[in-house]
Amino acid sequence: MKRVYLDYAAATPIEPEVATAMQTAMANFANPAAAYTSARLAKTELDTHRKTLAMFLGANSDEIILTSGATESNNLAILGTARLRQKGEIISSLSEHSSIREPLKQLEQEGFTIHWCPVDKNGRVDKAQFKKLLNINTILVSVSLANSEFGTIEDITGLVEMVGEFENEQDTRVFFHTDASAAAMVNNCSVSRLGVDLLTLSSAKLYGPNGIGLLYIRRGSTIQPQIFGGAQENGLRAGTENGFLLAGFARAIELVTQKRKQDEKHFKELYFKLANYFKEKNVVINGDSKHRLFSLLNVSFSNVNGEDLVAYLDSKGFEVSTGAACEVSNQAPSAALLALGRTKKEAQGSLRISFGRTTTSNDIAAFTKALDETLTILKAQQ
Amino acid sequence: MSKVFVGLSGGVDSAVAAALLKEQGHEVVGVYMKNWSRDIAGFHCPWQEDLASARLVAAHLQIPFKIYDFEKEYYKSVTKYLLNTYKKGQTPNPDIMCNQSIKFDVFYTQCRKDGADFIATGHYATIENEQLCTATDASKDQTYFLYRMNPKIAKHVLFPLGNITKTEVRKLAKKFNLPNYNRPDSQGLCFVGPVPMRDFLSEFIQPKRGDIVDEKGNTIGEHNGAYAYTIGQRHGLGIGGGQPYFVYGIDTKKNVVYVTADNNSPKLNSSKFSINDCIWWQEPQENKKDLLVRVRYRSKAIPCTITQIDATTWQVKLSQPERAIAPGQSAVFYSKNRVVGGGIIC
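Those sequence lines, one after another, are chains H and U. Numbering-wise (the working numbering), the first sequence opens with residue 718 and increments by one. Numbering-wise (the working numbering), the second sequence opens with residue 860 and increments by one.
No lab work stands behind these hints: they were computed from the structure. Treat the hints loosely; a few may be bogus.
[Stated by the list, open to error] Calculated Cβ distances over 12 Å to all of chain H for the following chain U residues:
#1 Glu989
#2 Thr1026
#3 Gly1084
[Stated by the list, open to error] Straight-line C-alpha distance at most 25 Å; calculated DMTMM-like pairs for lysine to aspartate or glutamate:
#4 Lys893(U) to Asp1031(H)
#5 Lys1030(U) to Glu971(H)
#6 Lys925(U) to Glu1036(H)
Being a predicted model, the structure only gives us computed values, none of them experimental. Yeah, the Cβ is synthetic: ideal placement off N, Cα and C, and Gly gets one too.
Based on the provided sequences and hints, a complete structural model is requested.
Given below as structure tokens:
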């Protein structure tokens, strides 16, 4: 059976050019911290690739901390900021990914106050509420650039401005962190444009290898390391750098920049084709219709279970998910979809379809046919 | 055509059972029973993987899929029974209890309420004329675990795998193209996953140091709680010196474990024991000629006679001594391929 993968928001394949770059980099295995020639060569390679990553964000090389992926970057940003300050309040939103939510819950246990700002029906942070939550004890704001579950792109610049005004009025300092993992494929992640202090990026969502990501930390923004050991990554993340994962990450980032225009056009074509299908069927499309990722589409059915849909589609060869892969296994309705005002039934009846560079219009047509058949079967069972 | 609710565990057996029923033309509904979801002592409880697998099977067979949540009932009737039995120094059998009070009680009741004519499971056993009988594949026969199901509901129970072998089940799983055809059989505690019993117990019962005493009354070692030992047990006594010892007695009140170095000690072997809390599929007869008994799963069936002591207690005499007869375990009686009944060894 031909299988059609439509879960690129969960994981992307590795581009052949990325694989080649990794293969080449594997030849030099020396520890870049050592003093001899091959180590120095490894160090030079690291510096080159780090520069590539920094340029993508419009940042300096010394502002890039390499990590094992978005989850670690988010943990480092949140725990590192809070624990250095020892007390204070943090604002996040109700629709965040578990790699933001869980470290925040941990901090709650450690005595910090966490405010979960409501979102509007399109999934954007409610600015009036957000403003009310800012206070003199606020030390950190963490809001993702794009939601990986339903695709809404946040007005980060607008929120950063509000925080900036507040900082000026109160003569205080609030760190702003954004997870840009889901957004980076198509959206500009320039840190000067966004104005954030901390930014997360993951290789695994950008056709690069799994197991590597980065945290951008603006110069002068001090945080506490969460992994201790050697002095790598400016002393903020101990552990020998992984040269070949980094080579792959850097090559993947270069390809993102090169292919951005054509990727965006391609995703939009597929998105509108699929969105029209759902509109004709009167199925609710979650998230903002304008400020959004066009590489994914999240819908809610009020009368069928999303997990059942996923199982039936799998048996027909189509690979989709009910939402963020990290959330799927807990069987609870998606917190992010509930935050949008979906009913429990609708949140449990959700389906996320996400496209990749090689997804075709025919794939989408075949998918909608399989979905039609599945819905007919499931309705007959009721 | 009848409406059959099949308990889908996520494993191969119940999936094949469902597929066979569907092939026979029944209106089949797949049900996943959520009995336990807690991780224990660093061991991951695989219920989510099991549930996902069960759901894929239902989708593949295009049968409706339901989830019944019996966590509360399970804790009340199986987990508590398990802990209390261990605390008494006896060896419980949670699988038997789960069949008695969950699968063939609350699950059965809920299925019938939801419209089932029959319930079915992937057990290896058969039912003939409302009597529980052994499976064709003797090496997989599970009647030992099933004897305590309520005989009154037998006419509403189907065991589709009763007349086929495990090898055939694996082949059928492939033939039906079941998504879990190569999933390994589950191991360890049925409900918690691959957790050693001692690690499971230590979550609930406070470890307490006590003596290990030999036949002569000498203290020869220490243990962390007599409750965690089983009659006949050889390993894990924590006694150095290389010589193997075998548990012949457990006293949870004094917190003492009694051992012997003699594997053939009469203390380890007996040909007489009592049972109570019996369930009879057929009227028990004191002088029945072809009566056989099993004192543990897969042990050899031994010729025996039974004598009633009082209203609830029976004495069992074996034709030959049997090793490690553990109080708390079940003795199950057979006449040819029929289950006559059984009780708890006391």
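Now for the hints, and whether the structure bears them out:
Consistency note on glutamate 989(U): stated as away from chain H, and its beta-carbon is indeed over 12 Å from all of that chain's, at 31 Å minimum. With a closest Cβ-Cβ approach of about 25 Å to chain H, threonine 1026(U) is found to remain outside the 12 Å limit, as its non-interface label requires. Every CB of chain H is more than 12 Å from the CB of glycine 1084(U) (nearest about 32 Å), matching its label as outside the interface. As the CA atoms of lysine 893(U) and aspartate 1031(H) are separated by approximately 23 Å, the hinted pair is consistent with the 25 Å bound.
Only pairs whose Cα atoms come within 25 Å are accepted, and lysine 1030(U) paired with glutamate 971(H) is rejected, the gap being roughly 50 Å. Restraint check for lysine 925(U) and glutamate 1036(H): satisfied, since their Cα atoms lie roughly 22 Å apart, inside the 25 Å limit.
Violation of the numbered hints given earlier is confined to hint 5; every other hint is satisfied by the structure.
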